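Residue numbers (our numbering), protein chains in the order written: chain A, 1 to 114; chain B, 1 to 112.
I should point out that these hints are in silico values taken from the structure, not numbers from a laboratory. Quick caveat: nothing in here was measured; it's all calculated off a predicted structure. C-beta: ideal position from N, C-alpha, C; glycine also. Wrong hints could be hidden among the right ones.
[To be verified] The list that follows gives simulated cross-link-like pairs (lysine to any residue, SDA-like), each with its CA atoms no further than 20 angstroms apart: (1) A:K42 - B:N59; (2) B:K13 - B:R108; (3) A:K101 - A:Q58; (4) A:K93 - B:D98; (5) A:K93 - B:R108; (6) A:K101 - B:K13; (7) A:K101 - B:N59; (8) A:K101 - B:Q54; (9) A:K93 - B:Q37.
[Stated by the list, open to error] Here are a few chain A residues that sit away from chain B, every Cβ distance over 12 angstroms (derived from the structure): (10) S12; (11) Q14; (12) D17; (13) N22; (14) G41; (15) Q60; (16) V62; (17) T63; (18) K71; (19) H72; (20) K93; (21) Q100; (22) G105; (23) V112; (24) P114.
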Amino acid sequence: GESVGLHLPTLSVQEGDNSIINCAYSNSASDYFIWYKQESGKGPQFIIDIRSNMDKRQGQRVTVLLNKTVKHLSLQIAATQPGDSAVYFCAEKIVGRGYQKVTFGTGTKLQVIP
Amino acid sequence: KAGVTQTPRYLIKTRGQQVTLSCSPISGHRSVSWYQQTPGQGLQFLFEYFSETQRNKGNFPGRFSGRQFSNSRSEMNVSTLELGDSALYLCASSSDRDYEQYFGPGTRLTVT
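Starting from the given sequences, assemble the full structure and let the hints guide the process.
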């Protein structure tokens, strides 16, 4: 069946270092892959997404890499800051005619050590 | 532009009761999706409403239901509450243009 999961439940990173959060997926039919950030007491917040026909996409301090051969997705955060501490979710999205279906992974907690 | 709002933010109910949660989407967004978030199961999709019609549904029992009004505001209802229904219930709205979902802060439901 469809599933989206994460390799590491908790990641501790020194402030200023780069962070890499990984995600495995199983549904090759997904149209987009998305990363969300969820801070304590808040709902998930969109960070960046990537279309399934792309390998890499860069945003501000973040880069998402998609490896369709091994069905692997990663989020790289450059120069990690204390404000990056949160739970990060990967998600896959299928877009149909007039609908979308989003399936979330289990989440990775990023702890930034000052 | 105001974000997605959810009311109430916190709720305590006892087993067997029913509960109604409310979600107001971003102005202009016609799609509202509901998710249940628990430590054990993560974020699980409940259902999506668009123009007052449910157009997508997750794998939850019939005790979970929802509706959407003509102003796009949505409610979800859980009847005959069980302890396992304790969770953070999130709603997200999206526009027809890019489907990007914007989440509200959630309603924390505790069933005792």
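*Please settle this one: H72 (chain A) was flagged as non-interface, so is its CB more than 12 angstroms from every CB on chain B?*
holds (19 angstroms)
*asked:* Check whether the Cα positions of K101 (chain A) and Q58 (chain A) lie no farther apart than 20 angstroms.
replied: violated (24 angstroms)
*Just checking, D17 (chain A) versus chain B, shortest CB gap more than 12 angstroms?*
holds (27 angstroms)
*Has the given pair, K101 (chain A) with N59 (chain B), been kept, meaning a C-alpha gap of at most 20 angstroms?*
holds (13 angstroms)
*Hey, is K93 (chain A) genuinely clear of chain B, shortest beta carbon separation above 12 angstroms?*
Given that some Cβ of chain B is not farther than 12 angstroms from that of K93 (chain A), nearest at about 7 angstroms, it is violated.
*Quickly compare the C-alpha distance for K101 (chain A) and K13 (chain B) to 20 angstroms and report which way the hint goes.*
Between K101 (chain A) and K13 (chain B) the Cα gap is close to 30 angstroms, so the pair fails against 20 angstroms, i.e. violated.
*Please confirm whether G105 (chain A) is truly not at the interface, meaning its C-beta sits more than 12 angstroms away from all C-beta atoms of chain B.*
Given a closest Cβ separation of 7 angstroms, the condition is violated.
*Measuring Cβ to Cβ, find out whether S12 (chain A) lies farther than 12 angstroms from everything in chain B.*
holds (19 angstroms)
*asked:* Check the hint pairing K93 (chain A) with R108 (chain B) against an upper bound of 20 angstroms on the C-alpha distance.
replied: violated (26 angstroms)
*No chain B beta carbon within 12 angstroms of T63 (chain A)'s*: holds (19 angstroms)
*Taking the minimum C-beta separation from V112 (chain A) to chain B, is that value above 12 angstroms?*
holds (22 angstroms)
_Distance rule for Q60 (chain A), whose beta carbon must clear each one in chain B by more than 12 angstroms_ = holds (16 angstroms)
Consistency with the previously given hints fails for numbers 1, 3, 5, 6, 14, 20, 21 and 22, ordered from lowest to highest.
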